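Join these two chains into a complex; the hints should help.
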Amino acid sequence: MNYPVWQLGIPGGLLIALVAVTHVFVSHFAVGGGAFLVLTERRARAAGDVEMLGWIRRHSKFFALLTLVFGAVSGVGIWFTIGLVSPEATASLIHSFLWAWAIEWVFFFVEIAAAIIYYSTWDRLDAKAHMMIGWIYFWSAFMSLVVINGIITYMLTPGRWLQTHEFWDGFFNPTYLPSLFIRTAMCIVLAGVFGLITAMREPAELRARVVRLAGKWMLTGSVMLPLFGWWYFAKFPDFAKAYTGSAMTGIKHTIRGGIGFTALVLLMTLIFALWKPRWMRTPVVAVVVVFAFCMMASGEYLREFVRKPWVINGYIYANDVRVDSIEGYKAKGVFGNASWVTATDPQSVEYGHELFVLQCSKCHSVDGYRSMRLRVRNWDATFATNMLPHIELTRGTMPRFAGNEQDRAALGAYLGSLNPHPEIVRLNEASIDNVGKQVFETRCGSCHTIDGKVRPLKAAFAGSDAAQVEALLPALSSMSDNMPPFTGSELEAKALAHYAAMAANSQAGR
Amino acid sequence: MMILFQIPQVDPMPLPGPVWLLKTLLITVFTLHLLAMNCTLGAGLTAAFSALRGRSAGHPFSKRLAGELAAMMPAFVAFTISLGVAALLFVQVLYGNLLYTSSILLGAVWLSALALVVVGYYGYYYFSMRHAVNTRTASVVALVAFGCFLTIAFILVNNMTLMLAPERWFGMYKAHPNGWNLNLAEHSLVPRYLHVIFGAFTVFSAILVHLGTHKLKKDREYGLWIIRRAGMAFAMLTGVQFVVGTWFLLALPRKVAVIFLMDPVGGAIFGFSLVFALAAMVLMLVAGAVENPAPAAHSGLLATLITLVLMVVMRDMVRTAYLQPHFNVSQLAVKSQVSVILLFLVVFAGGLATLGYMVGLVMRAKPGTGERPLASGAGSV
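Sequence lines, in order, name chains C and A. Okay, so the first sequence: first residue is 1 according to our numbering, each after it adds one. Okay, so the second sequence: first residue is 1 according to our numbering, each after it adds one.
Quick caveat, the hints were computed from the structure, so don't treat them as lab data. Just so you know, these numbers come straight off a predicted model, no measurement behind them. Accuracy of the hints is not assured; some may be wrong.
Unchecked claim - Calculated pairs, DSBU-like style, for lysine-lysine (alpha carbon to alpha carbon, straight line, at most 35 Å):
{"no.": "1", "chain 1": "C", "residue 1": "Lys128", "chain 2": "A", "residue 2": "Lys335"}
{"no.": "2", "chain 1": "C", "residue 1": "Lys128", "chain 2": "A", "residue 2": "Lys23"}
{"no.": "3", "chain 1": "C", "residue 1": "Lys458", "chain 2": "C", "residue 2": "Lys437"}
{"no.": "4", "chain 1": "A", "residue 1": "Lys335", "chain 2": "A", "residue 2": "Lys23"}
{"no.": "5", "chain 1": "C", "residue 1": "Lys61", "chain 2": "C", "residue 2": "Lys216"}
{"no.": "6", "chain 1": "A", "residue 1": "Lys174", "chain 2": "C", "residue 2": "Lys330"}
{"no.": "7", "chain 1": "C", "residue 1": "Lys276", "chain 2": "C", "residue 2": "Lys252"}
{"no.": "8", "chain 1": "A", "residue 1": "Lys215", "chain 2": "C", "residue 2": "Lys61"}
{"no.": "9", "chain 1": "A", "residue 1": "Lys255", "chain 2": "C", "residue 2": "Lys61"}
{"no.": "10", "chain 1": "C", "residue 1": "Lys332", "chain 2": "A", "residue 2": "Lys174"}
{"no.": "11", "chain 1": "C", "residue 1": "Lys61", "chain 2": "A", "residue 2": "Lys335"}
Bound-form chain A, shown alone (with noise of 0.2 Å):
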């Protein structure tokens, strides 16, 4: 009883559209945010070494790959920022109760995060722009910005984890109501992070294999030479995920674990997923191994992205069986804003035609074809 008093009462406004529908957007859009986080994390560490390791002329396909990185990585944290509020908004409708609650206790570190993501942000624009000057400095920077967007992905687990711990919360409230805690009493913390770590590297790695293969015809040989490290790279970091993910299973309490083992819904997802990612290792070790590495490395690619989406649900089956039987989203009420919902599907439907159309204009034009505005002594940007 004791446990249920202090989870606070959710609003008296019902739910604005029916859960499934909020939980739809939400699995959607954390989906895509996790994506562009893993090319956020792996292009950063990736562009700094591969900058430092091109310094030696022996290396210049790294000279390359960090160049092309570079000019992706401030869009990827855009990305990240942005789809990261669309699943912050969703999740604050259906959890915010909850998720509230977790970022007062941990208030000052949720706060830093903010300032962590400025940080890290414009070191990854610093490397965007200095890494052909300055390729030592700006490396240095981008480990930094990578530093720091470990740390808050770090936050970021504390506080998912918090967010389903109600019996812990009033213990850290009162013993530092200052908002300095972190959820270091939860068992699953570690292997979580690590688990969500490791998956961006290796999401990441299989990105960077499609990549090769878009490279294949211009230069065949960099093509291959991304295909076969980055394939051999994404298996070896899955078999990591596999010793993790283990720890991770075993880390839950025992009535979230059991979904997994013995319900035949989260134990078939569970299954696929596992299935998904050897399917996924296995095409990108042949990708890095046969003359046309392309249609393996779509496939890997593909199965990868399944594999991504199964554990989103999982994720989603965990949080919901950890708050069992304390707090279930079903039994919300709800009021629909029709008129409003469906306007907002226009917008969404216009917003994805608006992008479609904005990349369709760069995509069709060739680099060299704007009117270069630059002359009598002006600068460059």
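Next comes chain C alone, as it looks inside the complex (with noise of 0.2 Å):
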């Protein structure tokens, strides 16, 4: 809340994924591809298979409109995003690592001269020199992702750094080497899959050769993705190891989608690039693409949420708020003391509306990713702002609130207008059945399952029947600090307890 917020409509969040995710698509073939380059040329001339020297001449004008354009400016476009959108955590993490970024931007410049020079002079320089070219490429493109592997791992995993801030516990943290080796892996796939590409245009003599070639690079890299891939998240902090044990629809498609696209990348690569290289034609080929981004996409996807709700976990939330920042708010509140609130009214909805934007935009809409009024349908202002304080237990994605109690007020009227009809508010003695869950679910379902994994309620309402839940209701908030007052009506109270006591003690549960 020390900056202004960007609001552009759609969680800044997402608009990071969207520019990170085709970003580092193209820049991890940036690195594999310049080593499927050189290796290429170096085993083409050895062969004196001018054919296919001429094929890696021309990749290489692919490889160079592709990622020096779209490659680099999409870097330079994370950079702007991430300030627009995190300017707290870029702030940190310019001031934390600025020597690392100057490091990985040298290696960026020689990459892009060598880059340059090797596209441009296949006719001017003799076959040593031209390789010798094509190498500094290679090693300046992976020395730019050693450096800037250390700074994207840190922020899940900052190890000693949340101690001593010191350059190097936050550089060489417990993620780094297997992020480096599951990258690199990934680079090498993708030089495959790009090489796939340029390709298509070759007789198809050479094509099926090249076919060959991309093939057993995209094989060698996707058999070492699931290995490295295991050893990341053996180092995953503990609580980004419980969500991909978690029934949370984000994490489960995601790990689904990586391990499905993955398999089916390697099952093409199999079929189409080595059984039968013939059959690699052009509408395989944007298959094939496709499929390998979507791994690319889920490896990036899962990454990013194991980490809510932090953006540098211990250090600073997921919503640019610091930690350490968030007692303060507590006790003063937000407003007159964030520069950044317009409302004049500090009870008011609109200044509600103007604490969502500040806490919760930079993950959350209204209406459409993450929207929040899907998530607090049928929630009232009442409930809305006992929430809040305990809002960090609801599935463990969430930063603490930071605020006092009249901006818990204004937040809570604010998330209780979203949905000013409340479908529960039709409820009668007739429905009470099928609502119960309903209610279940809007009341206790942020925090609680009856038999699910996340704090399973069943053990403590087994044996149980309607009347013993009900009369416990008034009490919720005295058993635990953590527990906010029932605040529902008198029916929604009967058809919760109902529902409960008949779901802990039915057989299959929930």
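Here it is as structure tokens:
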């Protein structure tokens, strides 16, 4: 809340993801493709294979056009977007790792110069000099990855940096090595995948040879990925590991996607690249490219997701609020202490909306991506206000709320206003059996399940009938500091108790 | 007090190196970025018009110049971007709390600069590859790309001025929090932008004169043609710069302008920059008029580069003066990361050596000595 918030209509995190995923897809190709170029050139020259040499020359032009322009500019795009969306975290990263970025820039600059020279001097340089430029390109590009990997992994596992604030403690952190290996494997896969694209313009015999060569790279990388992926996962912090085993929809789909697309790329490599390379035609290549993109996107999304609620684990929350600023806002409030509040009445819904913008809009939109209106369906202002002090407990992905009682009331009023006509008010005695589940999901489901993995209640309610459960509800907040009071209507209490008792005592549970 | 409150707090982590080192690096990479940017703008416009003019048989030199510039244009863009990234890095660490705020206020406009870079960059590549085949279309594409780069410069000038005007931030945020803003309230915006753009053409003219001297040996007539035209353009553009520069100076707030008129250091730098600019103008005119233009052309280029460096230093002084008394980088906490700085210096030296080695390889090689790999019907790049 140190900076204004760019209200672009979608969560800023989604914008970063869109820019970052397309960038890493090309930038990993820029690294692996460098080795692919020079090794293929060397092999073709050694074998006197003029056709293969001709192809790799043409491929180098495609390589330069894609990596030098889109790859380089989208990399700058990540800088732009993280500065726009998470200025607090970006400032922290820059202050902590300025020199790493400066070193990475030197490699980047040499890489750019080498790429330009490599693709434009096929006629000018002799073979040895030309391949030397190729090697300089590759090693510069790889070293660029080696450096930037330290900063990316620090964000998930800052390790001893949290205590020492020392550069090397943050840079060589617990996930540094596995991440470097997994990214290197991805570079190898993508070197092959992009090779397929330019191969399609070649005559059949040469095309088949190029496809087979590209297939060997894809196979090598694809086989390495699960191994390094397992190593990477083993180094996750405990809270991140817990996500991967949870029932969260986003996580489930991402893990399944990552595994599934990796398997599909591997399968297509075996069939279309290595077994029947002549079957590898443009439509098949398009599918392989899309699958490889989805594989990369799944990995990147998973890496980002398991870091929630942090942008820098233990230091800055995903909403760009510093963990050490929370107590100050709790004591003094946001109104009058944050610079970018435009509302004049701290008790207004308008002010509540500003708090939503300041603290929620980095990850949530009102109606689109991670819709807040859907998430607070059936929440009234009182319930929302009571939930905010415990919001970090809701399935673990939420930052703590930064604000005092007045702020909670304002944001609660705003959240309550998103669904002015809750469905629950339409309840009546006749529908009580059907709506108990809905009341449970609204009032309890953000933090509990009946018999699931997340804080199950089955044991607590086992053996109790509906009347006994209903009798517990008025005393909820006295059972634990983490429990909000039950503020629903008498009818909701009845429906909730009925459902909880029935579900907890049923054999199937939930 | 209100203005102070709206400047975001600086990151609690101290600066990872001394301010003098960070500023030196910022000024160095920014000067190099400007040089590359000047070539990007100057080459694009010159090449497009030369190519169009060269379509007529009576202008073979124009066609030739367009071809030579076309080969270099994508590299100019590449170096403009990569050097700009370095400048952005150092300006972020020193002025991040100001730059992030102004960038957010311009959010949509600021981010659109990247899309324009991609369009402009591919446009220059298109011209580079197609100018000889389809001159007219390629030239139009190059002009569109040039327009993209002009627009990017305008966006950058907006941001660089807005980061110095915290008093405007809150009102702007309240009116348009969606990032569709420009800093049009800034009096110095237009003259500053024109100063940068005309400056780019001026410096590029000096570089063209230098290029002309390299052509003298093989084709004296062609070399002289470049030197005379570019030298004349340089002199005229320098004249324009004096007018635009005066407008810029007058448009600056009084507290900023006085550093060039009252402060001994600021006045000396300003005075020297005027002297070197005038000297460069005279030298370029001389280069176009004498039998042996090389000494005057080289001296003129040197004077131009010195002027450019002085201008960048003045720009930094303007920034510092604008921010007084609200923000001063020399008061920021510093904790130097000595081991990493040393590693950076080693890598930097290694990088320079590698660049030198690669350039050496290319310079020593003669066109046609490479092993042409193409045979048996395979197409060429």
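Results of checking the hints against the structure:
no. : hint                : in the structure
1   : Lys128/C - Lys335/A : 46 Å, violated
2   : Lys128/C - Lys23/A  : 41 Å, violated
3   : Lys458/C - Lys437/C : 14 Å, holds
4   : Lys335/A - Lys23/A  : 16 Å, holds
5   : Lys61/C - Lys216/C  : 22 Å, holds
6   : Lys174/A - Lys330/C : 25 Å, holds
7   : Lys276/C - Lys252/C : 34 Å, holds
8   : Lys215/A - Lys61/C  : 29 Å, holds
9   : Lys255/A - Lys61/C  : 52 Å, violated
10  : Lys332/C - Lys174/A : 23 Å, holds
11  : Lys61/C - Lys335/A  : 45 Å, violated
Checked against the numbered hints listed earlier, the structure breaks hints 1, 2, 9, 11; every other hint is satisfied.
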